[in-house]
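With the hints as extra help, turn the sequences into a complete structure.
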Amino acid sequence: MTARILLLVRHAKSSWKHPELDDIDRPLNKRGRRDAPEMGRRLSHRKLIPDLVLCSPAVRTKATAEAIAAEVGYSADQIVINDDLYAASEQEVLDAVASTDDRVRTLMVVTHNPVITDLANRFSPTPIDNVPTCGVLTVTLESWTRPELGVLADFDYPKREPC
1 MTARILLLVR HAKSSWKHPE LDDIDRPLNK RGRRDAPEMG RRLSHRKLIP DLVLCSPAVR
61 TKATAEAIAA EVGYSADQIV INDDLYAASE QEVLDAVAST DDRVRTLMVV THNPVITDLA
121 NRFSPTPIDN VPTCGVLTVT LESWTRPELG VLADFDYPKR EPC
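If you read the sequence shown in the working numbering, its first letter stands for residue 1, the second for the next number, and so on.
Careful: at least some of the hints might be erroneous.
To be verified - Derived DSBU-like pairs (lysine-lysine); straight-line CA-CA distance at most 35 angstroms:
#1 K17 <-> K62
#2 K47 <-> K159
#3 K159 <-> K62
#4 K47 <-> K30
Hints are computed from structural coordinates only; laboratory data are not their basis.
Structural data, given as structure tokens:
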């Protein structure tokens, strides 16, 4: 069986400029609009191109997913909005992963903290205090049906020097 690759992405830096906006409606700030394409370029350079992108319905996660998608050649109109990924628990993210079609080899899930850091610590043999905004966890899996058995293969984020 071919290994599966799960890319878990924390949305890029969001703006707090408009406090009247609901949390779900907050956009990316300047740094977020810079970092998301950079992380997409890094994924492209490493040939980590998703076959499927799942995304929380928040404005900031959609903008992050679209910016990364543009850099890896994934069509933005193919991004799947999954309402369960907003304010998701670990189990809700794992359930979304477990329901992935077996033909998908690389899945990208764009969501929020604290669940991203919780999942990082589930998959990592060493503790991770915090996954920064636009951080990308690369997790290898034997199959989508048992995502809890994944192993962290890489942890990248905008301020980390690219390899």
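### Query
Given the hinted pair K159 and K62, is their alpha-carbon gap at most 35 angstroms?
This hinted pair holds, its Cα atoms lying about 22 angstroms apart.
### Message
Would the hint linking K17 and K62 be met if the CA-CA limit is 35 angstroms?
### Response
18 angstroms, holds
### Query
Given the hint that K47 pairs with K159, does the C-alpha gap stay at or below 35 angstroms?
20 angstroms, holds
### Message
Hint check: K47 vs K30, CA-CA at most 35 angstroms. Holds or violated?
### Response
OK: K47 and K30 at ~27 angstroms, within 35 angstroms.
Against the hints set out earlier in the document, no violation occurs for any number.
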